[in-house]
Every structure is written in structure tokens, then in C-alpha cells.
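Protein chains in written order, with the working numbering: chain L, 1 to 353; chain W, 1 to 353; chain F, 1 to 353; chain R, 1 to 353.
Bear in mind the hints are in silico, worked out from the structure with no lab data behind them.
Ideal Cβ positions, reconstructed from N, Cα and C, are used throughout, including at glycine.
You may find that some hints are simply not true.
[Unchecked claim] A partial selection of chain W residues facing chain F, derived with a Cβ cut-off under 10 Å:
#1 ALA237
#2 GLY240
#3 VAL266
#4 ALA269
#5 THR272
#6 SER274
Number of protein chains: 4
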Amino acid sequence: MSDGAAVRIGILGLGRIGTLHAELLARRVAGARVTRVFDVDGARAAAVGAALDVVVAGSATALLEADDVDAVAICTSTDTHAALIEAAARAGKAIFCEKPVSLDLAAVDAALDAVVDASLTFQIGFNRRFDPAHAAVRRAVADGVVGAPQLVRVTSRDPAPPPLSYAATSGGLFLDMTIHDFDMARFVTGSEVVRVSAFGAARVVPELAELGDVDTAVVVLEHADGCLTTIDNARQAAYGYDQRVEVHGALGMATSENPPAHTGSVRTANGTASSVLPHFFLERYAAAFAAQWDAFVAACRDGGPGSPGVADARAPLAIGLAALRSRAERRPVDLAEVDPPPLSRPLTTSPTQ
Amino acid sequence: MSDGAAVRIGILGLGRIGTLHAELLARRVAGARVTRVFDVDGARAAAVGAALDVVVAGSATALLEADDVDAVAICTSTDTHAALIEAAARAGKAIFCEKPVSLDLAAVDAALDAVVDASLTFQIGFNRRFDPAHAAVRRAVADGVVGAPQLVRVTSRDPAPPPLSYAATSGGLFLDMTIHDFDMARFVTGSEVVRVSAFGAARVVPELAELGDVDTAVVVLEHADGCLTTIDNARQAAYGYDQRVEVHGALGMATSENPPAHTGSVRTANGTASSVLPHFFLERYAAAFAAQWDAFVAACRDGGPGSPGVADARAPLAIGLAALRSRAERRPVDLAEVDPPPLSRPLTTSPTQ
Amino acid sequence: MSDGAAVRIGILGLGRIGTLHAELLARRVAGARVTRVFDVDGARAAAVGAALDVVVAGSATALLEADDVDAVAICTSTDTHAALIEAAARAGKAIFCEKPVSLDLAAVDAALDAVVDASLTFQIGFNRRFDPAHAAVRRAVADGVVGAPQLVRVTSRDPAPPPLSYAATSGGLFLDMTIHDFDMARFVTGSEVVRVSAFGAARVVPELAELGDVDTAVVVLEHADGCLTTIDNARQAAYGYDQRVEVHGALGMATSENPPAHTGSVRTANGTASSVLPHFFLERYAAAFAAQWDAFVAACRDGGPGSPGVADARAPLAIGLAALRSRAERRPVDLAEVDPPPLSRPLTTSPTQ
Amino acid sequence: MSDGAAVRIGILGLGRIGTLHAELLARRVAGARVTRVFDVDGARAAAVGAALDVVVAGSATALLEADDVDAVAICTSTDTHAALIEAAARAGKAIFCEKPVSLDLAAVDAALDAVVDASLTFQIGFNRRFDPAHAAVRRAVADGVVGAPQLVRVTSRDPAPPPLSYAATSGGLFLDMTIHDFDMARFVTGSEVVRVSAFGAARVVPELAELGDVDTAVVVLEHADGCLTTIDNARQAAYGYDQRVEVHGALGMATSENPPAHTGSVRTANGTASSVLPHFFLERYAAAFAAQWDAFVAACRDGGPGSPGVADARAPLAIGLAALRSRAERRPVDLAEVDPPPLSRPLTTSPTQ
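Produce the complete structure using the sequences and hints provided.
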């Protein structure tokens with residue numbers, strides 16, 4: 001499309017995240033315009049359409065085939081992502097998809113193959129890559145300021161656990177929550193993961209044990225370049241949304257700390273009191289969500305592949321599957337065990353291109 | 001108006017700040033609706049009206065008299081504020097006005113008298129009171145956590161000086177920039193100012209000297225309760241927008257520090273490198289601007305007087321006039337010198353009610 | 001001994017750490033007096049004796065048997081600790097011993113049995129327990145402020161690797177360096193370790209690989225109460241001595257951060273520059289070394305068992321041996337594998353009593 | 001004296017600060033040796049002499065004339081400083097003197113003239129110049145990193161007020177406490193002070209008002225180069241010893257913040273709790289006291305004039321006298337009013353040479 005024209009975006013799925021994206025695209029993102037929205041819940045679609053003054057499509061298919069749609073944002077439930085990606089690829093639209101593409105590697109490959117075969121712009125919703133502080137950590141590594149990565153620490157803790165029902169369909173902590181951290185480990189190091197050791201238990205919500213899920217976990221990743229990443233997750237952090245990344249390299253350390261909810265503090269004879277952390281991801285990653293869309297719009301305009309792209313959409317799922325097996329079998333699991341090279345995509349694609 | 005209905009707001013003046021307010025009210029503030037906008041620049045008004053899907057009024061008077069306008073936001077140039085306040089008061093509208101009301105105390109009194117006589121909701125645009133960190137400092141004082149205020153420090157520095165032309169009409173640093181800090185000193189201490197000593201020079205823009213203005217200044221305020229406030233201002237801070245408040249009391253100290261632009265940092269053998277400060281007020285006070293409108297909408301709904309209100313709109317101007325005289329005459333100036341009690345409003349109104 | 005009298009201490013071994021302890025005891029520790037010193041290097045002993053105005057003993061045995069010695073500080077090379085502990089026990093002296101007691105569990109047990117059988121005061125040199133910040137983390141856990149520990153993170157990185165020759169005799173990174181972190185994990189959680197998973201490589205000093213040693217490592221500890229501890233170590237941190245501890249519990253998180261070398265910083269348009277970390281342990285743990293001696297002197301005076309004591313001297317070695325096996329065999333190793341319960345001391349002793 | 005030989009120092013006055021210096025010099029300062037001590041309290045002198053194994057001189061004169069004394073540290077009460085400096089100058093000894101030299105400018109001039117005429121090494125006890133963080137601020141200015149100083153802020157608050165009796169003899173807050181801050185303002189800016197405006201009251205100890213003294217104060221200094229310094233002092237800071245310095249210049253800002261008492265913190269749903277500040281100057285300035293002596297010993301060895309030297313010993317007193325008059329007369333006071341140029345020393349001497 002001409003550089004001047006706005007990228008016309010259709011949004012599939014108007015849940016919490018889909019509606020957030022719709023509002024960002026409609027009001028904040030320069031060079032983007034929301035032209036169609038759709039949700040299986042017609043009333044919800046009508047409400048969002050009215051609020052944003054956008055046409056509500058009659059069906060996902062209708063939206064995908066609309067002439068005034070250059071790109072689609074897939075924000076529906078995970079089990080529908082793969083099929084919608086393939087349909088969007090057939091329609092020749094640029095694609096943004098929320099993570100994960102699927103909980104099944106074969107389904108992921110089929111969907112991503114369709115995207116690659118059609119040479120379309122594709123971006124996966126790993127929004128944290130666009131957080132200014134996390135991005136500064138990646139930049140310090142990419143620029144060689146901290147030298148070759150040797151130790152990486154990723155802390156990712158939610159303020160409160162989701163409903164039990166969610167755990168049953170989300171794939172569990174490793175595929176739903178830690179998957180962001182698997183991506184972060186690949187992003188900041190620029191190196192693929194070759195072996196996974198996972199540990200965890202249901203410390204906060206005992207019922208999760210019956211579902212084979214955990215709410216408190218540690219994962220150790222061994223990278224192709226020898227770097228060691230430790231991830232720790234908790235579904236419940238009483239003090240707020242805890243998101244930190246650290247890379248220790250041969251020449252130094254790059255760190256992304258938590259911002260406070262505000263910068264006020266009080267000192268008395270009893271010590272110093274300051275604020276909690278931001279409550280949750282909408283506050284913590286507001287800037288990242290906007291920057292994510294700027295990147296997608298830029299990729300659509302120059303027709304690039306998009307980043308994080310197909311390789312980035314696939315690798316974290318394989319790591320998550322290895323983590324599930326590692327915890328179940330109490331042993332380190334090589335990635336090749338869950339993703340045999342012959343069948344897998346070449347991992348030569350840089351995790352950060 | 002009924003609690004359920006949205007407060008219908010008309011916006012007068014669509015410059016940088018007026019447009020910001022229009023967008024906030026149209027899209028972010030629950031319970032508010034922008035029904036009319038006006039600007040002397042018709043093209044500008046048309047553009048904003050179209051972007052926000054709002055009717056453009058034919059004149060300020062038309063907007064003030066429109067039936068679908070419950071409240072007006074006065075964001076025009078300072079020299080028009082007083083007259084518009086009086087007109088809005090005659091029309092019986094709730095009023096939000098950008099600071100300052102006027103550079104002339106008599107004009108301020110006339111305008112505010114009209115508001116008080118009509119018992120209308122009035123709020124002056126001292127947005128910093130709504131910053132979560134500054135508000136936490138005030139709360140620590142109000143709750144008695146830090147004891148009686150003894151020493152207050154306010155630092156307020158802009159990243160870069162405004163154009164020379166601006167200095168000529170704005171009233172200069174003390175009335176345009178420091179006026180926010182005079183309000184902050186009253187807000188956090190809850191005590192009126194009785195004597196002012198001002199110091200300053202044109203260190204960055206020598207041409208300001210010819211206009212009798214300064215770009216670097218210190219002001220010492222003596223409060224009625226004995227507290228001493230020191231304010232330091234600079235029109236140019238190479239490292240960003242520097243906004244800090246501190247209250248030292250008998251039992252402790254409350255502080256509002258600058259947030260960093262982001263929370264990433266890098267440690268090497270050369271030391272630790274982290275980010276600059278937020279570039280300017282739109283980034284630094286985004287939350288404060290939204291909270292300011294929530295407060296105004298709430299006041300409109302319950303028909304309260306509004307806060308910061310009439311006393312808060314007036315007092316900082318008197319302090320600014322005393323500061324101008326103090327610097328010119330190189331001596332402390334009692335507030336009574338520039339604002340003789342008989343003519344002045346009773347200062348019994350608490351600066352924070 | 002009478003409460004009034006000073007504890008008379010004899011010091012065995014006057015290397016870097018022994019001399020540090022001698023100076024602290026001679027000059028800083030109230031209630032302590034250094035009465036005898038000894039080192040196999042006679043010249044060294046003479047120099048220290050002269051500097052501190054203390055009698056140089058003719059032999060370790062002579063020092064252990066001297067009437068004016070109430071307690072001994074064993075600061076000799078690791079391979080001599082066990083025998084000296086047994087000799088000191090026979091002589092009925094209170095004992096402070098640098099870590100580790102030995103690299104061999106059986107030798108440790110023999111030495112500690114002698115101490116227990118003689119009911120003597122015994123303290124092992126895990127000085128970090130006495131760091132005010134680390135101690136505050138332990139206190140927050142012990143007081144229940146952060147709730148039951150669920151995730152613990154210990155970072156321990158040296159500024160530069162020791163000479164290769166040292167690696168050959170020290171037992172390697174896990175037994176020489178990580179052993180402090182194994183103790184820290186037991187200290188802050190108050191829970192024993194039951195399973196160990198270790199990862200690591202020689203990233204900085206490749207020659208270490210030939211010695212079966214590593215310079216960069218991660219260890220995951222599974223505690224009896226279900227808590228997960230991750231430890232990361234590096235023999236080389238370009239930015240200084242990095243020592244952090246964090247406990248995430250059901251109610252909150254307690255953290256011990258690095259102090260900066262100094263608190264100066266500079267902000268410019270390029271960002272904010274501040275200092276490196278303290279260079280090494282003498283600077284970082286100066287307060288801890290003094291507090292360690294205050295605790296030992298108090299224990300000698302009231303005839304208590306001493307803390308960290310016998311159980312604390314033994315457990316970290318067992319964890320270290322499990323870590324060595326875990327890394328060699330690339331699998332989690334139960335502590336019972338390297339320390340069969342029938343032969344081992346009861347681990348019921350609280351790790352923090 | 002030969003470079004190799006230690007500087008032999010005699011200490012006059014063994015109160016809190018004199019004893020601190022004696023211990024530092026006897027045990028910590030390379031190249032220094034304490035050879036004689038004296039105090040009018042014989043018992044006290046005997047105790048310190050015994051503890052440090054140093055000869056107790058029979059009188060101040062005897063100490064000053066001893067052959068084994070190269071330099072003297074004058075730590076007696078302020079009213080004796082000037083006479084002892086003159087006596088030491090006659091004896092040709094290098095001189096370290098605690099601040100202030102005297103509360104009378106003429107007496108200061110007489111004493112310093114004697115030092116200058118004899119071309120002796122002289123250092124005044126402004127220890128804060130040697131604090132690593134404050135020194136980093138000065139270095140940033142001297143190196144041009146922050147550009148020409150425009151605004152300086154110095155905060156100096158004690159944890160608790162001294163006994164009333166002390167106030168009567170010390171010269172009061174401005175000459176006893178603020179004098180350190182007057183020196184700091186000259187040190188970090190490198191520019192002399194030309195005008196002083198002082199404000200203050202007895203907020204904590206009302207009895208001070210009867211003595212004409214204050215416990216809470218603000219002083220504004222106008223420098224020769226146009227820089228404005230604001231100093232705020234409090235005799236009582238409930239949260240600890242508060243010592244901060246900040247220089248805002250054309251290119252940036254250099255800051256020296258307070259270190260925490262320790263680096264532990266706890267985050268819960270109620271917020272973040274961390275430590276108080278260091279209790280008082282012995283903890284806060286331990287490193288500075290040692291560095292101060294290293295500088296003096298170096299100056300003695302190379303026969304330099306010493307820094308902070310004669311000009312630095314005199315200027316802060318003049319500023320303090322101007323502050324006293326400014327507060328009494330409620331007006332800015334030119335330094336020339338209290339220190340007429342013809343009689344005064346040339347202020348061309350750089351405040352930081």
C-alpha cells in the first residue's frame with residue numbers, strides 16, 4: 001500500500017485484549033485505522049463498534065475478505081488462532097496474532113507455513129519485547145556493551161491467579177504464562193534454547209495439582225551458546241505485578257527493574273515507606289502495547305516479515321512442551337526430544353531478527 | 001444534573017493544552033462527554049471537532065449559552081480567562097479554568113466574586129496536585145505522618161526554555177512557571193504564605209534580562225505556621241523534566257521523586273548507566289491530567305465548590321507578585337504589601353479544602 | 001568465664017582472612033582480646049604479633065593448650081580444619097572455624113562429633129548471615145511478614161576469578177564459593193534442602209574445564225517445605241562484587257540489594273551515571289565480619305552452642321557434594337544419595353537456630 | 001622529611017573527635033604515626049595513650065615542641081584553636097585544625113597569617129569534602145560534565161539537637177553546623193559567595209530563641225559567578241542523618257544522595273518498606289575521615305600548602321557572620337559588610353585549590 005495511506009486493520013475477537021488493541025489502533029497509533037471488528041458475541045461487537053465508530057463485520061470470514069482490510073489482528077481464543085491465520089494467509093492479509101498460535105506444534109507449523117509460503121507480514125503478540133526497559137536490556141546485549149551473555153534471570157509474577165476454569169484451557173502456567181519468559185530469554189540473548197529443566201508446584205491454588213498445573217515455578221534454560229537462563233514464576237505476588245529481566249555478560253550486566261506505582265515515599269524513625277508495584281499488565285506495559293502496534297504498522301508498510309515473527313511464534317511453544325515433560329519426568333529435557341529436527345523448522349532464524 | 005447522566009462539557013480554546021483536555025474528556029474520563037468545542041482559529045476547531053466527532057460552536061458566547069453544555073473548560077490565552085469566567089458564571093455553568101485566572105489581582109477578584117456569588121463549581125488547573133506522588137506527600141502531611149511541616153523543598157525545572165515571544169506575554173517565570181510551585185507549597189503544607197524572598201537571573205537566555213525576566217531562580221516562602229519553603233526553578237534542564245517535592249516535618253520527611261523515563265540500567269566496570277527523566281509534562285503528568293478531570297466531574301455531579309478552587313486560584317498570583325517585587329527590590333516582601341488585607345479575600349479558606 | 005572478663009582468643013592461621021579477624025578482634029570487638037597468634041610462616045606470625053602487640057605461640061598445639069586462651073579462631077587452610085577442631089575440642093576451647101570444615105563428610109562428622117560431645121561453643125564462618133541487609137531478609141521471613149517462602153533467589157558473583165592453582169585445592173566453585181549460598185538458602189528459608197540440580201560451565205577460564213570445575217553456574221534447590229531456591233554464580237563480574245538475596249513468600253517479598261560504591265550520580269542529556277558496586281567482600285561485608293565476632297563473643301560468654309553452628313557447618317557441604325554429582329550426571333540429585341540418613345546427623349536441627 | 005618515613009603526628013584534644021582521629025591515625029592511615037597525645041583531662045589522655053600505646057605529653061607546649069612530632073592535629077575546644085595554631089606555626093609544625101579556627105575573623109586572620117608567613121602545611125577539618133559521593137559531585141563540576149553551576153542545593157540535617165549548653169558556646173547553628181554547608185557550596189561550585197540571605201526559627205527547641213539561635217533554617221547564597229545555592233538545615237531529623245548535595249548546571253546535574261542504613265527492603269500489599277538513614281556522622285562519614293587523613297599525610301610529605309587550606313578555613317566564617325546579620329535584620333547581606341575588602345584576605349584563592 002502507499003506509504004501515505006493508513007494501514008486498515010480488522011480486529012477478530014473483542015475480549016479484554018482485543019478491545020484494548022482496538023482502542024489503541026483507533027486512537028493512538030499513527031498510520032493505522034480500524035475498519036472492521038468482529039466477535040462471536042454480537043452484542044459485544046456492536047458495543048465496541050459503536051464506541052469506536054467502526055463497522056461490525058458479519059463474520060470472521062467476511063472480515064478477512066473485506067477489501068478495506070489490509071491487516072488482521074487475531075485476538076480470539078487460542079484454539080481458533082491457527083485456523084484464522086491460515087484463512088488470513090489465503091486472503092493475503094498481513095497478520096498480527098496473540099500468543100500462542102496453538103498448543104500443538106504441528107498445528108503451529110501448518111499455520112506458519114501458510115504465512116511463509118504467502119510471504120506475508122506476520123507478528124506474534126509478545127508485547128514485552130517492546131517495553132522500553134526490557135528493550136534497553138536487549139540493546140545492551142546487541143550492542144556488545146555487556147559482552148557475551150552468561151547468566152540471564154527472568155522474573156515474572158502475576159498479582160493474583162486466574163480462575164481455575166482458565167487453567168484447564170490455557171495450557172497451564174508453562175504454555176500460558178512462562179511462554180512470555182521463554183520468548184524473553186531468546187530475545188535478550190539472541191540465542192536458541194537447547195535443553196530445559198522445569199520445577200514447580202501448586203503452592204497457592206492446591207486444586208491446580210489435580211489439573212497437573214502449578215502456580216509457582218522455576219525453569220532453567222540452557223542456550224546454544226552456553227548461556228544459562230533462570231526463570232521464576234508465581235501466579236500470586238501480594239505486592240503487585242513483578243516483571244524483571246537481567247543479563248549478566250562477560251563485560252557487565254543489563255537490568256530491567258520494576259517501576260514503582262508512584263515515586264512518593266515517607267521516611268520516619270521507623271524507616272522508609274514507598275509504593276507497591278503497578279497492579280497489572282495494562283499499567284505496566286501500556287507503552288509496550290502502543291510500541292508493538294507502531295512496529296506492526298511499520299512492517300505492514302514496508303512489507304517486511306514482521307518481528308517477533310514466525311520463528312519467534314514457534315520456538316517458545318517447543319520450550320514450553322519440553323518444560324512440561326521435564327517437570328513430569330524430573331529430568332532435563334533436550335528440545336530435540338519434543339521437536340525432532342527433521343520435522344522442525346530450521347532454528348537458524350535468529351530469535352531477534 | 002442526574003447522577004447517572006454524563007457531565008456535558010464545552011471546551012474553549014484548542015491549543016496544545018485545550019486539545020489534550022478535549023481528548024482526555026472525550027475518551028478517558030468516565031462520566032464526561034464533550035458536546036461543544038470552540039477556538040478563534042476556525043480551521044483548528046474544525047479539525048479537533050472532526051477528530052473527536054464533536055459539534056464546533058459558532059462563538060464562545062454560543063458555546064457558553066448552549067443547553068447541552070453543563071460545564072466549560074477555559075483553555076484560551078490568559079488575557080481572556082477572567083472575562084470568560086464571568087460570562088460562564090452569568091450562564092450558570094460549572095467552570096474549569098487553566099491557570100492563571102489573570103495577571104491582575106483586581107481582575108481575578110472580580111471574576112472569582114462572580115463565581116462565588118453564583119455558587120458555581122469552580123476548579124483551577126493546578127494539575128500537579130493530582131500527581132500520585134505529590135498527592136502522597138500531601139497525604140502524609142494531612143495524616144500527621146511527618147508531623148508539623150518545618151522545611152519544604154520544591155524543584156521545578158523545564159527541559160528547555162519557551163520562545164522569547166512567550167516570555168513577553170506570560171507574565172514571566174514567577175507568574176507563569178513558579179506559580180505551580182507556589183500552589184504546591186500551599187497544597188502540601190496546608191498553610192498560607194506570608195513573606196516572599198526571590199532571587200534569579202537570566203543564565204540561559206540573556207535576552208530575558210531586557211524583559212525583566214529570569215530563567216533560573218530561587219524563591220523562599222515563609223508560611224503563616226512558620227514553615228520555610230525553598231523553590232528552585234530552571235527553564236533549562238539538560239537531563240529532562242525535573243519535578244520534585246519534599247516536606248520535612250517534626251516526625252519525618254515525605255518526598256516525591258522523579259520517575260525515570262524507563263527502568264532499564266547497565267552496569268559495567270565504568271559504573272552504572274540508566275535513563276534520563278521523562279521529557280516533559282505530558283509524559284510526567286499524564287495520570288495527573290486524567291485524575292484532575294475525574295475530580296472536576298465528581299464536583300460537578302455533587303455540586304460542590306471544586307478543589308483546587310477560588311482561594312487556590314488567587315493566592316499563588318499574590319505570591320508571584322510579591323516575588324517580582326522582592327527580586328526587583330532585593331528584599332523580603334510581605335504578602336500584605338502586594339495584597340492589602342482590606343481589599344483581599346479572606347485567606348481563612350484552607351489552601352487544600 | 002566471668003561476664004566481666006574479656007574473651008581471650010587465640011588465632012590459628014594469619015593469611016588474608018586470619019589477619020583480618022586478628023585486627024577486628026584486637027581493635028573493634030568489645031569484650032574480646034587476642035592473646036595468642038600462630039602461623040606456620042614464622043615471619044608472618046612475628047609481623048602480625050608485633051603489629052597487634054600479641055604473643056606469638058610456638059606451635060598450634062602450644063596455642064591450643066595455653067591457659068590464657070578461652071577460644072580459638074581456626075583460619076588455616078581447609079585441609080587442616082578438622083584436625084584442629086578435634087584438638088581444640090580436646091583442649092576444651094570454644095571454637096570459631098572458617099568454612100568449610102572439610103571437603104569430606106566423614107571428616108566433618110568426626111570433628112563436629114568431638115565438638116558436640118564436649119558441649120563446646122562452636123561457630124562456623126558464614127559471615128554473610130550477619131550482613132544487615134541479608135539479616136533483614138531472614139527477619140522478614142522469621143517474623144512472618146512475607147509469609148511462607150515459595151521462591152528464593154541468591155546471586156553471588158565475584159569481581160574476578162582466583163588463580164588456577166586455588167581451584168585445584170579449594171574443592172571448586174560449588175564447595176568453595178556456592179557453599180555460602182547454600183547456607184544462605186537454609187538461613188533465609190529456615191528449611192532444609194532435599195534435592196539439588198546444578199548447571200554450569202567454564203565460560204571465563206577455559207582451563208577450569210580440565211579440572212572439572214566451572215566459573216559460571218546455576219543451582220536449583222528444592223527445600224523440605226516445597227520452596228524453590230535458584231542460585232546463580234559467576235567468578236567474574238566486571239561491575240564489582242554482586243551479592244543479592246530475595247525471598248518471595250505468600251504475603252510478600254524481602255530483598256537484599258547491592259549497595260553502590262558511593263551514592264553520587266550525574267544526570268545529563270545522555271542519561272544518568274552512577275557508581276559501580278563495592279569492589280569485594282572486605283568492603284561489602286565489613287559490618288558483617290564485626291557482627292559475626294560480636295555473636296561469637298556473646299556465645300562464648302553465655303556458653304551457648306553458637307550459631308551458625310554444627311548443623312550449619314555440615315549441611316552446605318552435603319548440598320555441595322550433591323551439586324557436583326548433579327552437574328556431572330545431568331540430573332537432579334536427592335541429598336540422601338550423597339548423605340545416607342542412617343549415617344548422617346539428624347537434620348532436625350533448625351538451619352537457623 | 002624523607003618520603004619513606006611515616007609522618008609523626010601529635011594530637012591535641014582527645015574528646016569524641018580527637019579520639020576518633022587518634023585511632024584512625026594510629027591504626028588506619030598508611031604513612032602516619034601518632035607519637036604524642038595531650039588533653040587537659042589527664043585521666044582521659046592516659047586512657048587514650050594506653051589504648052594506643054602512645055606517649056602522653058606533659059602539656060600542649062611540650063607536645064608542640066617535641067622533636068618526634070612533625071605535625072599536630074588540633075582537636076581542642078574552638079576557643080583555643082587560634083592560639084594553638086600560632087604556637088604550632090612558631091614551632092614549625094604542619095597543622096591540621098578542626099573547624100572553625102575561631103568565631104572572630106580578626107583572630108582567624110592572625111592565626112592564618114602566622115601559618116602563611118611560615119609557609120607551613122595547613123588543613124582545616126572540613127571532612128565532608130572527602131566523602132566519595134560529595135567528591136564525585138565536585139569532580140563532575142570540575143571536569144565540566146554538568147557545565148557552569150546555576151543552582152546548588154545542600155541539605156544538612158542532624159538526627160537530634162545538641163544540649164542547650166552547647167548552643168551557647170558553639171556560635172549557634174550558622175557558625176557551628178551550617179559552616180560545613182558554606183564550605184560545601186564553595187567546594188562544589190568553585191566560586192566565592194558574595195551575598196547571603198538567612199531565614200530560620202527555633203521550631204524544635206524553643207529555648208534556643210532566647211539565645212538568639214535557631215534549629216531549623218534556610219540560607220540562600222549568591223555566588224560571584226551568579227550561581228544560587230540554597231541550604232536547608234534542621235537540628236532534628238526523625239529519620240536519621242540527612243546529608244545531600246546537588247549541583248544543577250548548564251549541561252546536567254550532579255547529585256550526592258543519602259545511603260540507606262542497609263539495603264534490605266520488604267514489599268507487601270501495603271507497599272515497600274526499607275531502612276532508615278545512617279544514624280549520624282561517624283557512620284555516614286567514616287570513609288571521609290580516613291580520606292581526609294590520607295590527604296593531610298600526602299600534603300605533609302610533599303610540603304604542599306594543604307587543602308582545604310587557609311582560604312577555606314576563613315571564608316565560611318565570614319559567610320556565617322553574614323548569615324547571622326541577615327536573619328537578624330531580615331535582609332540580604334553583602335559579604336563585604338561583615339568582611340571589608342581592605343582588611344580581608346584576597347579571595348582570589350580558589351575555594352577548591
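Hint by hint, here is what the structure shows:
At its closest, the beta carbon of W/ALA237 sits 8 Å from a beta carbon of chain F; the interface hint therefore holds under the 10 Å criterion. The interface hint given for W/GLY240 is met, as the beta carbon of that residue sits about 8 Å from the closest beta carbon of chain F, less than 10 Å. Below 10 Å, beta-carbon pairs count as interface contacts, and W/VAL266 has one with chain F at about 9 Å; its hint therefore holds. For W/ALA269, the interface hint holds, the least distance from its beta-carbon to any beta-carbon of chain F being 5 Å, beneath 10 Å.
Because the closest C-beta pair between W/THR272 and chain F is about 5 Å apart, less than 10 Å, the hint holds. At its closest, the beta carbon of W/SER274 sits 5 Å from a beta carbon of chain F; the interface hint therefore holds under the 10 Å criterion.
When held up to the earlier numbered hints, the structure conflicts with none and fits them all.
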